[in-house]
Amino acid sequence: MPIPRKPERSVVTTCAYCGVGCGFRAETIGGRVVRMVPWKEGKANHGHGCVKGRFAFDYYDHPDRVKVPMIRGSIEEPWREVGWDEAIAHAATELKRIQGTYGRGSVGAVSSSRCTNEEIFLMQKFARVGLRNNNIDNCSRICHSPTQFGLQATLGAGAASQHFDSILQADVILVVGANPTEGHPVFGSMLKRRVREGAKLLVIDPRRTETVESAHCLADVHLALRPGTNVLVLDSLAHVIVTERLHDESFIRERCHWNEFEQWAALVGHARYSPDVVGPEAGLDPEHIRRAARLYAAGPRSTIYYGLGVTEHSQGSTGVMCLGNLALACGHLGREGVGVNPLRGQGNVQGGSCLGSWPHMLTGYRFVTDDAVRGSFERDWGIELDPEPGLRLPNMFDAALAGTFKAMYIQGEDPVQSDPNQNHVVAAMRSMECVILQDLFLTETAKFAHVFLPGSSALEKNGTFTNAERRVSMVRKVCEPLAGLEDWQITVRLMNAMGYPVHYDHPSQILDEIARLSPAYEGMSFELIERNGSVQWPCNRKDAPDGTEVLHTRSFPRGRANFMLTAYVPTQERTSDRYPLLLTTGRILSQYNVGTQTRRTGNLAWYAEDVLDIHEADARQRGIVDGDWVSIASRYGSTRLRARISERVSQGTVYTTFHFAQSKANAITSDLSDWATNCPEYKVTAVEVVRMQARQAADRAVAAEVSA
Amino acid sequence: MSGPAKAPGGEQAVIDVERLVAMANQIGDFFAPYPRGQREEGVRNHLRNYWDPRMREALLAYVAASGGTGLHAHVLDGLRLLATPGVERKAYAGPPQ
Amino acid sequence: MWSELRALRDEIDYGTPPRDGAPVTLTIDGVAVTVPAGSSVMLAAAEARRAVPKLCATDMLEAFGSCRVCLVEIEGRRGYPASCTTPVEPGMAVRTRSDRLQALRAGVMELYLSDFPAADIPGGWSELHEVIQATGVAQHPYGRGENHLDAPVDESNPYFLFDPAKCIVCSRCVRACEEVQGTFALTIEGRGFASKVAASQGQPFLDSECVSCGACVQACPTQSLVEKSLFVGGYRRADSP
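Chains as they are written, first to last, in my numbering: chain A, 1 to 708; chain B, 1001 to 1097; chain C, 2001 to 2241.
Some hints here could point you the wrong way.
Output of the computed footprint for chain B on chain A, the stretches with three or more beta carbons under 8 Å from beta carbons of chain B [as the list claims (entries may be wrong)]: (1) 150-160; (2) 358-367; (3) 396-405; (4) 556-567.
In case anyone wonders, no lab produced these hints; they're calculated from the structure.
Built from N, CA and C at the ideal position, the CB exists for glycine as well.
Build out the structure end to end from the sequences listed, making use of the hints.
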């Protein structure tokens, strides 16, 4: 047939892949999605899309989708298909039994950043009223938890200060530990557009990424630092700014505490952070550090965008604070074209952060230990809440290994593949008596689950997502849930089965509850979002009825902002004779995260396996040629990958992605983590790479493993 | 890595104590550049508002039993503040107060 | 700039990007309309609900002025300027419909259709088909001359295909790749009749620098670049056995 079929129906919704949160028209024929067309009125994408959101939607009705709930007595047994009622009753009975035996704190829950705001909110409510503890965490624990901590500490709000479009007014763009053209492609296109218009681009990244150099886009300064030296280098930029007196004194006096600035200036102004000292340590030319600092300070409108290359370190939170400090010192906050902005990985990871899915915080980043805050929830929910913080995700695994944590309700997460030090996570999973997994597919984590609750994709439900610029957009049901229930409905059922009666007719009622309990969402409602297309929080009826595009314009949430002291503390993960290379991990354009979705689409045409990027000199030294199978060993474990000789990595650094389960990238990553949030140090692992002798044997072994 | 650890009191610790000590020291490293007083308070505020109470208790039990071997001095001081009546204050983000 | 991007509307294609200059009032077929300075006559016409037929213009891309179907008459000016590349001026009086304009557009359309698969004209729903509707020109008087109807289809990309037989070389795909996506993977190779859309150095799309963002597919007015998901059982040309 030469003439394409014309779609019959279209529904405007929000892409569930990365944190850009593009608006799409999902078009259907006979109830099946046949096309996703970028929505021109989407304020995050203005009619643009990328290979994931635009094309890779086939996973949603892939034959691998599980459509019936399943249970089993132990992970050695085969799954048994059951009805929803039986699955829910079984899960609740198990949770209650385990709490009866091991105590109230022996169970916990994890929410998903691929689920809606309403579903995330319900998960934390489930933990607090259903499990009666605060053992609730979300996957930003392993990506952007340092953002929330570091930006809240300095600026008072743990989120992006700008809206995406603001970059079109920037004169200087500083990208740190992010590769937007691959990780956040639609925003990356906007960034490149601004660079083509003449903005200066500064990139701090160990790799020569696509953002550093691509067609008609070349960074003015690229600081290819040694992995793990972020804080050192950022403090050195600050050193240049304070010693050359490039800071904005009037901004600091008006908007910050002058004494804190002086304290900070004394720290970073110390000779320890002079470019001449830092340069050799971080593998950089001191002159490049000076140039970057001068360009950033001069602006006049300089903006910072950063990613997991900042957060996923043992000093991740400190690194984020460094960025806050820099922006404060130069007065690059509170107007268009400036700011500090995290680029978030998952579609709703900002929502995951905002909606109280934390062991220590309720919605809007307010402490569980705060009696007034907790009290407002207790009155609304009619139940007394645990006044103490709960366990974080990695602490849950630690506690499981110590024998004090026995059950987990996981919604749409795959910690066995995505979390660091896989051997440790697997041992922890094995030690649990009941793992309840709610997901689309039988993931790596499903191997260790006892109850499987089939979830729904973002095309099968109603709700909202919050993107990386704090924009709350509508997720609309395009087709009926394949397994019969939207994710929020599953959680509601489980909550009822746990003995907390609750009922919602529609997710809009859950958003109303969020608005009622959270000042930042106070004015938010489905009706407002329908009317405006999308709304950025803070949104409240009195001051910001239509939301807020740029934060900190007149004052900071705490009145004034704070300089934090950011001394450099090297990671304990060091190279040695045995492990002389530094491995850093990341992602590529066509695949998404652990690949559960994109591996089930045509995107395999671009990237069918994870590979190890290695510098030519390091490869030659080890007798490795392009395409060789190599084994990568760290202090924590080993795996094997195919090597690719690459100019994108510097000598001494190797790089891989974690999109495919069989490559077990997280078998080698360490269990070191950020001091403040336990966000894992994915970005630095000392490794050795060895060419595998029997290459064909390895091919066969891997093929066998994949087909198994 | 050692197996399931017992706290020195004989009761099972929620998490391996060695790991808790390492985590507490990492927190201490961050607050180290602050002046005396603020330093300890930073550690206290963080442990109080971010840590599960069982983790704090396990660490306090370890300090009671061992004197806190392996912990930085100001981390120990911060831990003591946790147990001092009257030091409790509202949770906050930002520099130690 | 960003405020202009936000003026884009899903249900309407203004033809050229919205601008945010001071208001300018002009008339389109006698209807007064006010648009920001810097806007094109084409945009003003769309705003006045007197949309001009167009092929190489779309509001996500800067005006290009190559397809010659958007011609208009402007009082006091000679000739038939392209409405996409003509900026509005205060008091301008524009005519979008006349016998002469219809004849000019019909001539252009006939030339396009002379190198377009005849079997694909009825039943289509692309922008080209909308222009066929609007101009009432669905056939051409020419014989079978030199053409691109047998150029091979590029199906290398898993999600979309490129059928050069339907390409009118308007370069919307090339410009979308540059202006919207910023990848510069597409180009127009050759000149005159020989000119054709090519990915990188004449490679298949999959092997080229193309990142498969889909901006070109969305920009294509003829469904020469089109999603594979819209075909059941694969793509087959009408005249193929």
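Status of the hints after comparison with the structure:
no.	hint	in the structure
1	150-160	holds (count 4)
2	358-367	holds (count 4)
3	396-405	holds (count 7)
4	556-567	holds (count 6)
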